[in-house]
Structure formats: C-alpha cells, structure tokens
Amino acid sequence: LNAGEQADAGGRSKGRDDAKLTFRKHTSSVFCGKLHPTLDLAVTGGEDDKAYVWSTTTGEVVHEITNHTDSVISVGFSHDGTYVATADMAGNIQVLKVSQNYRKVWEFNMGDTCWMRWHGAAHILLAGAESGEVYVWRIPSGDCKVLQGHGISCETAQLTHDGKKLAVGYSDGHFKLWDLKTNTATLEVTPGTAGLSANITSLAVDRDNQLFVAGGENGRACVIGSGGVVGILAGQDDSSIEAVLVDYPDFELKVAATGSLQGKVTIWDVARQTKRVDCNDEEPTGITNMVWLKDNMICAGTLGGRIKAWDLRSGAMRFVLEGHEDDVHSIEYHKEKNIILSTSEDGTAKIFEVPA
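Using UniProt numbering, you'd call the opening residue of the sequence shown number 1 and step up by one each time.
Source of the hints: derived by calculation from the structure; they are not laboratory data.
Treat the hints with care, as some may be off.
As the list claims (entries may be wrong) - Label-pair distances were calculated between CB atoms; the ranges are:
1. Arg272 to Ala316: 16 to 26 Å
2. Asp250 to Pro355: 14 to 24 Å
3. Val320 to His79: 29 to 39 Å
Cβ atoms here follow ideal geometry from the backbone N, Cα and C, with glycine treated the same way.
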C-alpha cells in the first residue's frame, strides 16, 4: 500500500488519492475554501456551521470558528492576509484578525447571503444579499455603503482588476457594473438582451477592466463591453454554464473559457467570438468551478469529485487529480506555491501539488 491508500484503508473504494494532505475536521459538506496569501494556512467553511483555519503543511487546526448558526458558504483572507472573514447562509459575517490570535474585530448580520469577497487591494469586504443589495464595508471600522438591488438576488460578482468597479450578475439575467466610489451603476444590461435571459451563474473580468464574460443557466456566455453586449459564446448544448474565465495572463490572444453542467470545457477566441478548442474528456462530469494554472493550463473541479486540467492551446488533458469521493464545491490555486485547495461534498478539504 502506498501512504495514501494506507491512511485511507477501508474508507476508500477507489484507493487512489493524489492529495498531499486531507483535512477531515468538518462533519459534513465543505462548501468553500481559500488559501492565505503568504502563510501556510487555509480557511474552510461547511454545512456543519463551522469554519476552520488550518495548516496546509500539517493539517492541524489553528483556529475554529464555532459561532455560526447556519452553513458557512463563503470564507476568505484579506489581500494581505491580515484578516479572515467567514459568512453563513443566514447572513452572519465575522472578521477575525489573524496576527492577534484570531480576535474578532467585526461582525454583521445582513440577512440571507449569496456571496462574500475581499477587495483585491484594500481592507474592504463585499457581500451580496438574497434581496439583491450589495454591501461594501471598510474593515475594521465597519463603514458601510449599499449598492441598491432591484428585489432580485445577486448570484455572483467579480471585482475589476483595478479594484474600482464591481460586476454583478442577478438571478433574473440582469448585469450591472457598479462604480464603488460613486455607488452608481455605470453599465446595465437588462434580461433578454442578446442571450442574457437566464440566471447569471458566473462572471469573469479581463485584465484591462474593459470586458466581462457572463455565463448563464441557458448555456450561453455573453461578452459584455463598455457599451453593452458585444457577442455571445454559445455551445451546441443548452447545459448551464457554471464557470467562466477570461484573459489567461500573457497569452498571445484574449481567450475565454466556459465550463458547463454537462462537463464541457471550451476555449474561445474573445475578439472573434469563435470556438478555439473543446477540451478533451473521455468521461465528462459537470464542471463546478475553474481556475487558470501556470504553463497554459486550465483546471476544473467537477461533480464527480475529480479535478481535471487541460492545455488551453490544444485542449489536451494534462492531468486528473483523484481523491474526492463526491462533488468538488470549490478549488483555489496558489500560484507561488503551485498548490490547489479543494473542498467537497464528501466532507473533506484537500491540498494537491500541481503535477509537473
């Protein structure tokens, strides 16, 4: 038996586990996970109403966050790793200071939460509500701004790379680009416009902050520019687009990627709005989320539990990481350490080293 099989003897049917480390403290599905920018730490949250900060080298719990009363659906470290935030489904958000033994510095109750994320360059926390509002807080002061909703839940959001605007997708197919300084929507695409007729499930922003890709439940992804929809990336099937990416760093042209519930990952030429390549997969299972990896690779978490990576130039499969026994809910990539953190329905979080 190899070490992985030995550790899991009796518990695994398939035997193969490519993970470098498995975190097993959660007692139910693990919905979300994020890596600390500099320290060897991960934070994960799950259906057991708990969030844990743990060591990615030993798997030991560094801090347990126990006072959530509902599933923890979003977690994250601030851009510089000073703070860690956790949010549960009922809308309780907590922020702890990492260097002060995880002292709670701020807490808020916002009603049902859809998502939460940190700003990429400031101690600003953003969260979207089921009721459609987006809250923007300065941490730790708690100064708050609200981006008004229209009564429809905001499903997903992405900050522009310059940190000045927030793209938000709503469950009725609305797309809004909010200016965080003025609290105004500088661009709005209404449902029914060129393919945006369904729940927006996923969003991506290009590096020039000019172009957005919105994936929808109707199997289409819209390319949105400063004036509105500029094109549609539509596959053959109408299977919901669960994940989108755009603009692989330093690639020779602007590409987008879509991942569908049927398991299809497609690479598109954004300027031409044409398909470049279908990623090759003999056993496709629904895509849950995707990240760019180094060396021209795209990586996806899947409903089957496997983590798959392809060459985005040729569509050839580069590797498959096994170990999860159920759906992968989240994957995150740490470029400098070249590791992936995954969380799963099987109650575990895992650290994988990206194969050479």
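Structure versus earlier hints, numbers of those that do not hold, lowest first: Of the numbered hints, all hold.
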